[in-house]
Structure formats: structure tokens, C-alpha cells
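Use the sequences and the hints to build the structure in full.
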Amino acid sequence: MIRKSWWKVLSVVFLLFTFTAGFLIKVPHIGNLYGSIRNFFFHVPMWFGMMVLFIVSVIYAIKFLRNPSIDADIYSREYAKTGIVFGVLGLITGAIWANYTWGEAWSNDPKQLLAAIALLIYAAYFILRNSIPDVDKRAKIGAVYNVFACAMLFPTLWIIPRMVESLHPGGQGVEGNPGMGGGKDLDPAMRMVFWPAVVGWTLLGVWITTLRIRLEQFKEKQSVNG
Amino acid sequence: MNSIKSIITLFKKDVLLEVRQQYSFYGVLLYVSSTIFVLYLAMGRPEDDVWNGLFWMIQLFVCVNAVAKSFLQENKGRMLYFYSIAGPRDFILSKLLFNALLMLVMSIMSLFLFVFLMGNPLKQPLQFIGLATLGGVSLSVVFTFLAAIAAKAQQQAALMAILGFPIIIPQLLLLMKIATIAFSSVIQAGLGQMVLLLLGLDAMVVVLSIILFPFLWKD
Numbered sequence: 001m002i003r004k005s006w007w008k009v010l011s012v013v014f015l016l017f018t019f020t021a022g023f024l025i026k027v028p029h030i031g032n033l034y035g036s037i038r039n040f041f042f043h044v045p046m047w048f049g050m051m052v053l054f055i056v057s058v059i060y061a062i063k064f065l066r067n068p069s070i071d072a073d074i075y076s077r078e079y080a081k082t083g084i085v086f087g088v089l090g091l092i093t094g095a096i097w098a099n100y101t102w103g104e105a106w107s108n109d110p111k112q113l114l115a116a117i118a119l120l121i122y123a124a125y126f127i128l129r130n131s132i133p134d135v136d137k138r139a140k141i142g143a144v145y146n147v148f149a150c151a152m153l154f155p156t157l158w159i160i161p162r163m164v165e166s167l168h169p170g171g172q173g174v175e176g177n178p179g180m181g182g183g184k185d186l187d188p189a190m191r192m193v194f195w196p197a198v199v200g201w202t203l204l205g206v207w208i209t210t211l212r213i214r215l216e217q218f219k220e221k222q223s224v225n226g
Numbered sequence: 227m228n229s230i231k232s233i234i235t236l237f238k239k240d241v242l243l244e245v246r247q248q249y250s251f252y253g254v255l256l257y258v259s260s261t262i263f264v265l266y267l268a269m270g271r272p273e274d275d276v277w278n279g280l281f282w283m284i285q286l287f288v289c290v291n292a293v294a295k296s297f298l299q300e301n302k303g304r305m306l307y308f309y310s311i312a313g314p315r316d317f318i319l320s321k322l323l324f325n326a327l328l329m330l331v332m333s334i335m336s337l338f339l340f341v342f343l344m345g346n347p348l349k350q351p352l353q354f355i356g357l358a359t360l361g362g363v364s365l366s367v368v369f370t371f372l373a374a375i376a377a378k379a380q381q382q383a384a385l386m387a388i389l390g391f392p393i394i395i396p397q398l399l400l401l402m403k404i405a406t407i408a409f410s411s412v413i414q415a416g417l418g419q420m421v422l423l424l425l426g427l428d429a430m431v432v433v434l435s436i437i438l439f440p441f442l443w444k445d
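Line by line, the protein sequences give chains A and B. In terms of my numbering, the numbers along the first sequence are unbroken and rise by one, the last being 226. In terms of my numbering, the numbers along the second sequence are unbroken and rise by one, the last being 445.
Note that these hints are calculated values from the structure, not bench results. None of these values were measured; they are calculated from a predicted model. It is possible that part of the hints are untrue.
[To be verified] Computed Cβ-Cβ distance ranges for the label pairs, DEER-style:
hint: 1; chain 1: A; residue 1: Q222; chain 2: B; residue 2: Y307; range: 51 to 59 Å
hint: 2; chain 1: B; residue 1: L298; chain 2: A; residue 2: V85; range: 33 to 41 Å
hint: 3; chain 1: B; residue 1: F342; chain 2: A; residue 2: K219; range: 36 to 44 Å
hint: 4; chain 1: B; residue 1: L256; chain 2: A; residue 2: L215; range: 46 to 54 Å
hint: 5; chain 1: B; residue 1: V241; chain 2: A; residue 2: L211; range: 40 to 48 Å
hint: 6; chain 1: B; residue 1: I311; chain 2: A; residue 2: N130; range: 29 to 37 Å
hint: 7; chain 1: A; residue 1: S36; chain 2: B; residue 2: F342; range: 52 to 60 Å
Using N, Cα and C, we set each Cβ at its ideal position, and we do this for glycine too.
What follows is the structure in C-alpha cells.
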């Protein structure tokens, strides 16, 4: 299925839709958000994409631990890499948004801090990998840490941020779900754009990763042959 | 039954080594007391929230230092010997137990030193003692597993800090938040939930170490 091209077409179509409809539809004016609410189609899908990519990465890490193979290691590593890129983009889009609504790009809000920490956890994954010269050992220890990091990601991103006071939706004293901007209350017109945007961005992440995987597999083959 | 027996034996061995050599205990004790002394010289008697923040930061550094040694002292030959007499799960459980005990003692000691040197802002000391022990154990379980990973990568101390500090932040944040109750005489709402969450996190880390350590064990 991954070799077929329909999902790549779907990704492009959904992203084109996001970039056109996302900027053209009528959006509700809520509080001090005004037009900046359109960032919702770009900021939130980044985190959806990051979570999906990290979970795929951990699935391949478990696969590697059950049955070690070079491919599983490459898959696990590359999905984590694209996940970090999405996370960084999520932070940047969030900072731009915060600049106009909270008055400051980085206000040490708990949500911002914990998102940055989650990325540090994964940055440590790559530092750990690079510190081990032996290839087999690197893959194995990397996979073990990947599983551990993914488990620690849930309290960092899903539980603790909801228990502390924050300007971001979905904290103590602020209503709504951090991912859906108010859950069921999401404007129907926005919902029509939001879900295609999530799917489109996530598929784009997977697409980028499959290209990286092919490149890495090619490099691996070259180093084995010559 | 057999595995409980070997866990106890391995645990006893660690305790016995500690009692005979008294290396890490006094080493860490000296580390704690000199750090707190320096802190006292620098800060005098700080305010409540500064006191709380400093206490947990010291706990973090003590834990890194105390736990890092646990896998460093086992050289390759000895690991091979353990491999032949016990399972990986028994081994990691005995290490978790020993480090939890070590951190328990260290937390109480550093709390005592903190109160002695930096003043006592605690309005509910009993709760804080309970929390300090719970916090010590929580930190020790996470760092025991990270020490096992770092030992395999052969770069102990530096790597442990790099791996550990981002991962420990959620737990540390939770601990500091719970700890604020000890500074006021009013009971905060949602406290039980947070303590339960902390216990749940510890349980998750222990279970993960038991599942994942066998993969680190073999070379």
C-alpha cells in the first residue's frame, strides 16, 4: 500500500485545499483571535503529525526489539527525525500565533515549555545513538530508549499540561480541548477544513519519511557493497 | 520463588558492598552537604518557593550522582557472572530496590541538612517528609533505568544527564507542585490525584524497565 501513489495525491489535494479554503472561508471572530484563528489549520496538524510519526517510530522500535533488522532500525530512526521536524514547526507556528494573541512569542507558558521538553527528549535519542560507535548496539539501545521516550511523552504532552494554568486552550481554568479548540464547539466550516488539513499534513510527513528511508537504505546498500 | 530469592541475594550483595566499602554513601553525603553549604553561603535563608525549588534541584543532582555508580561498578566480567546465575529481571529489580533505598536515605539526609542550614519554612513537615521520600524513590527508578542505558553506551555521567534531565522534568514539575502544600496550612484540592499520577508514573517506569532491560542485558 505504501508503494502506491494515491495517498500522495490525496496529501497534495488536501494541502492545496487547506491553503486555499483555509485562507478563504469565513471564520468566527472569537475574543482576541480575529483572523489569526486560521493558524489553527497549520499549528494543530503539526502536533497531530508529530504524534503519528513518533508512534510509528516506536512501533518500528518494538518491531526491531522483537526481530532485529536494519530496515526496522532505519524506519524507526527516520520517523523520529521527521517527527522532530514537525514538532519544531509546531512550536514555531505556535510562537507566531502567540506573538499576536498573547502579546509575546515565548511567554514560558507551560504548554510551550513542555512541548519544547518533549522535543528535547527526542533530541536526546539522537545524541544517544551518535554516542555509540557500534552499529548493532546503537540500533538496539536506540530502540530501547525510543520505547522509553515514547512512554514518557504521554505525561509530558497529554497529562501534565492539563493540570497547570496556561493561556493555551485545554489547561486549568481554560476551557476546551488543546487539540480541537473547544472540541465539539469547533465551527462547522472550520471543521470542514481542519480534518483534511490534519490528514494532508500527516500524509506529507509520511511521504517525506519514505523518501528519507529510501535514501538511507540506498546508503546502507552502498556501504555494504563497497 | 526462585527469582525472589535471587533478587534478595543480589540486593543483599549491593547493600553489603555498600556497608563494606562505604564509598558511594559517604561520597554522596559529602556531595550533598557541601552543595547545601555552598547554597547557604550564596543564598542565606531563602523564601518558601525558592527553598522548594532548590531542594528538588539538589535532589535531582544527588540522584544522578548516587545512581550513576550503580552500573559503573559492574565490570564486564562480573556482568557475565550475574548473567550465568540470575535473570535480567531479577538483576534490574534488585538494582531498582537498592537505588530506591539509597535515595530514600539520601532524601531524608538532605532534607535534614536543608532544614538545618537554610531554615525551616515547612508548615506541614510530615507531609513534606513523605513527599521527599516518594520523590527520592521516583527519581531513583527513572535514573536507574537511564544508568543501565548509559552504561551500555559506555559514557556514564555526561550521557545520563543528557538523557535524564528532559525525561525527569514532568516528574519534577509534579513533585514541586505537590510540595507547595507543605508550605501552607490550607489543604489544596486535587492533591490525591497528583500523588496518584506520580505513583502511576513510577509504576510505569518500573514496568518498562522490567520489560526493556532484558534487551540491554545481552551483548
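Hint by hint, here is what the structure shows:
| no. | hint | in the structure |
| --- | --- | --- |
| 1 | Q222/A with Y307/B: 51 to 59 Å | violated, 42 Å |
| 2 | L298/B with V85/A: 33 to 41 Å | holds, 36 Å |
| 3 | F342/B with K219/A: 36 to 44 Å | violated, 59 Å |
| 4 | L256/B with L215/A: 46 to 54 Å | holds, 52 Å |
| 5 | V241/B with L211/A: 40 to 48 Å | violated, 54 Å |
| 6 | I311/B with N130/A: 29 to 37 Å | holds, 35 Å |
| 7 | S36/A with F342/B: 52 to 60 Å | holds, 53 Å |
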